[in-house]
Every structure is written in structure tokens, then in C-alpha cells.
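Peer 1: Line by line, the protein sequences are chains A and B. Under the numbering used here, the first residue of the first sequence is numbered 133, with each subsequent residue one higher. Under the numbering used here, the first residue of the second sequence is numbered 133, with each subsequent residue one higher.
Check each hint, because a few of them may be wrong.
Given that identical chains are not distinguished, each listed pair holds provided it fits within a single copy or across any two copies.
Stated by the list, open to error - In the BS3-like style, the derived pairs of lysine-lysine whose C-alpha atoms are separated by at most 25 angstroms in a straight line are:
| hint | residue 1 | residue 2 |
| --- | --- | --- |
| 1 | K391 | K368 |
| 2 | K339 | K405 |
| 3 | K408 | K347 |
| 4 | K283 | K310 |
Keep in mind that the hints were calculated from the coordinates and are not lab data.
Protein chains: 2
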Amino acid sequence: MNVSECQVTVVGLGLIGGSIALGLMGKVGKVRGLDVSEDILEHARKRRMADELYLHPEDCLPHSDVVIVALYPRQVEAFLLQNREYLRPKTLVMDVSSIKERIVHAVQKILPPEIEFLGTHPMAGREGRGIERAREEMFLGSYYLLTPTEKNTPWAIKKATSLVELLGVLKVVTLTPKEHDALVSYTSQMPHVLASLLMNGFKDKSKYLVGGSFKDATRVATINEDLWVELFMQNKKYLLMEMDSFEDRWNDFKEALQKEDTAHLRRILQQAKMFKDKL
Amino acid sequence: MNVSECQVTVVGLGLIGGSIALGLMGKVGKVRGLDVSEDILEHARKRRMADELYLHPEDCLPHSDVVIVALYPRQVEAFLLQNREYLRPKTLVMDVSSIKERIVHAVQKILPPEIEFLGTHPMAGREGRGIERAREEMFLGSYYLLTPTEKNTPWAIKKATSLVELLGVLKVVTLTPKEHDALVSYTSQMPHVLASLLMNGFKDKSKYLVGGSFKDATRVATINEDLWVELFMQNKKYLLMEMDSFEDRWNDFKEALQKEDTAHLRRILQQAKMFKDKL
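Okay, chain A solo, but in the shape it has when bound (with noise of 0.2 angstroms):
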């Protein structure tokens, strides 16, 4: 089946959700909204997020072809265990969780196996949450992450692929749900971690002396902690790694200013100049 002939079911009308909805609608051969909350439903329903609109999954997955899940990692296992029995077989179902190892492993194992999970994450966003904030053009020339297990087809990375190309997206990227996990880690974790434990060495007369640098450096510190919170415990081991690396770097560089070894702290800076502009 092509994929402009799919009918598609988006679970959870948030900032992702409802920026796939919004970004699919005419592309493909339906499109269903789900989700719990009528407000949120009557917000779709005002801007036409999707062909129809469902307060109740077992109105809609009985139709679908493809399901993306767009809720919080927590909730895709807990929502794919209760509604699985409406699922018909050779349905793809996708998530977007910024987490992919546990929760791949733990959906994969859950569901039938006529019916194929893809984990997969989108590398947009913006600042704030929720529906209001959803627009066609969230996904227009970024990165989008598909990582598949040995359980996943071809068949369904090339659908996947497909579908998330009518987004607009740049590029297709897969890795391993453990080579994802480490890697965000570190672009996305970290940054948190960094940002948060400079924040905390704030003294009143500080700011006096805030610049540029220490702004942008401290941006992502007005954290939603519930949510960081169990991203950080979802990827321990990633991140106890990202961390035990950091210190390596952090102590060569400690030494380097104890012993003034200027050629040895130029060469680190000129290293991350380095890095910097090939990215």
C-alpha cells in the first residue's frame, strides 16, 4: 500500500502530536486524532489537526495502519498494554520518545507479533508543551530518528521512512535504540546536567556579572523536573558514561591550569573551536 493511501492514527494531541497531525493531513489517506481530553479534542477540532477526532481508542486503532503514539515515555507501554486487543494485524506502530531503549525492548515484547513496533524520534520542538503550541511546519529540515531491533522489517523502516518524509523532514537517520540512548545522553542530557549545576552556584552579587555566556549556558536551567527527572533514571548508564567521560576531560584541564600548562590549555580550546565549526 502506499503510503498516501494510510490511514494514520496520532495518539496524544500535545506539541509532537499534533505537529504530526497538522504535517500529515492531505498527505495521506486519513488522519485520526486520539485523545483523552475533550478541550484538547475541540482545540484540534477548531483548527483542523485532523480528518476525525476520537475521545476513545477502540473507535479508531481498529482502523488504522499506521499508530504513532506521541505521549511521555512512561505512558506508551501502559497505553500500548491496555489497547493492543484493538490493534489489527500488519499495523506499524511508531512512538517519538527522546528515551529508546527500554521502551522499544518493552513494547516489542508486549505486542503480538503480527503487529510491529518502531521506536522513533524527532529531532525538532520548541519551547512550552501542549497543543497550542503544534504547527505544520515543526519537523521542515530536521533530523528524524528511526531505531529499529532485529525484530523490525524492512518493510516498516521503508514506511516509516515514507511517512515521516511527507513532514518535510531533512534526513532519515537509523541507529540502535543503544546507540541513540548514548548519544543523547550526551547532546541533550548533559547540556541539562551542566546547566542546572552551574545555575546552582548562583550568589546574589553574580548578577551583576551575568553575560551572554552565562545566560546561554544556563538557558535549559527552567527545567520541567518531572519530566527530566525520569529522563535522566530512563538512561542511567548512558549517563553515568557521558558523566565519567566528562570528568577525564575535566580533570586534563584542572591539571593543564594547576600546572600552567598553557600549550596544553590552548590545544583544548583550539580542539573544541575545532569541533564547533564542523558542526
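Chain A is fixed; fit chain B onto it per the hints.
Peer 2: Just chain B now, kept in the frame of chain A:
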């Protein structure tokens, strides 16, 4: 003498010096600009950045009530050692370096008692460097720090305050050089250290997972390594103290993560959010 009649010489027409000259134009008796580069003087002439422009210190320093030395930290002492003979008694000399303790004590030692040196640090700036990026409104709404020692007089502090108020600063703040350097190691040097060390963990595949938090956390990794190695070395004592304090917070966080003490992790993140909101 009223500050509006002051004869001011700005030494070094770079990003900061050029902006100070521009900001004082028409508000004091006369603004003189001094630089070693004829190209820079020509640029300043075209933009009318000063009333008079000079290539040689002996031609302008003897006519100055106030001399603002806007050179790199390591050049301030050398410039004043070489040219102190041209300064007339009761001249007020100021620098604008982002590092204070060493420079202030060194310069106060080499100047004759009838010439007063006051350390200052404008908390403004922008990306890039050089006269091309100088602009009149650079200091509008920013803090301006003065770091007097026991050798400074109320006369000099009052005069400097009146003068920088002409630049449209939000508030003039007085700190000891020691306090200043301790705070700057936290607000400015730590963000640069963290950005560089975070960046140095980069692996090629990381680029697919880079989002806003990583980009902001590493913005200043495009570092001027010569300047920053100098700043780190000059402020070594306080930077090492600040690194020790960061290590304590780091170890506390790491231990909570290892022990899965989610309540403590949440407290750490909440404190960071509270400080950030306060800022």
C-alpha cells in the same frame, strides 16, 4: 570640574574602546582617540568616532583629564609603564579589562602618586571584535563595574561614575578587585570551560541528535584561545576555587543518580529553576 567639560582620551579603538568613544561624543569637553593602526584611525575618522584622532601617545595624553585604556589585559600595564611620563598630575586613568586583581595592583604600583588609576569593567559586548563592531548604544541598560582599592579616592569614583553614566548604563556597581575576579570566574570563565569540555566529547553521529540545548551550551566554544588562556591563567586561583565548588555539586548529583534518589534529583533541578527565575 564638571564631567561635561572633561577631556577624555580613549586608548585602543576596538570593540569596547570604539563604543566608549562613540558613546561619549558630544557629551564631554573633547573625545580623543588613540590607536597604533592607521587603518583603524581612518575607520574612526569616517564614522566620526572621536573629536580628534592620534597615532602617538605623547600628542594626546598630556591634554587628558581622563584616560580610558581599552587594550587587552596584558597590554594595559606595558602601555602605562611606557607612557606614564606623558600623563599630567590629577589625570584619572581607567581600564576596561574583564580581569581586575592583578592588573589593578600592578598598575597602581607603577603610576606616580599624583595620577590615580581605577579599575573598571563594562558588562557589555557582542560577538566578534574590532572597531567595525563598535556602536554608540553598546552600554545602554547594562551594568558597569568599578573595582576601587584602598588607594582610590571618592573623587575618582565619583568622576568615573558620572562619566560612565553618560553612556546610558543601567547601574554602576562597586566591588573589590578580589570579589570581581571571584564572581567573574563563575559567571564568565565557567561557562567557557563547560562549553569547551562539553564540545570535546563530540562524535560524528552526535550531530543527528543536536538540539537547542546543546547548541546554546556550546555557543562560546568558538573561543579566542589566546585571550582565554590568558584570562584563565590570570584568574587561576578563583577559577580553581569555582571548579572545586562545581565538583561538589557534580558529585552530589552523580551520587543521587547512582542511588536513584529521585527526590534529591528533583530538589537539585528545582533549585536551579528557582535561581534561573530569580535571575
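Peer 1: Confirm or reject each hint.
Peer 2: Hints versus structure:
Proximity of K391 and K368 under a CA criterion of 25 angstroms is satisfied inter-copy only: 10 angstroms between copies versus 34 angstroms inside one chain copy. With identical chains, the CA atoms of K339 and K405 are at most 25 angstroms apart between copies only, with a shortest distance of 15 angstroms across copies and 28 angstroms within one. When the C-alpha separation of K408 and K347 is checked against a cutoff of 25 angstroms, the pair qualifies both within a copy, at 19 angstroms, and between copies, at 9 angstroms. Only within a single protomer do K283 and K310 lie at most 25 angstroms apart by alpha-carbon distance; the minimum there is 15 angstroms, versus 62 angstroms between protomers.
Comparing the model with each numbered hint stated earlier shows that all of them hold.
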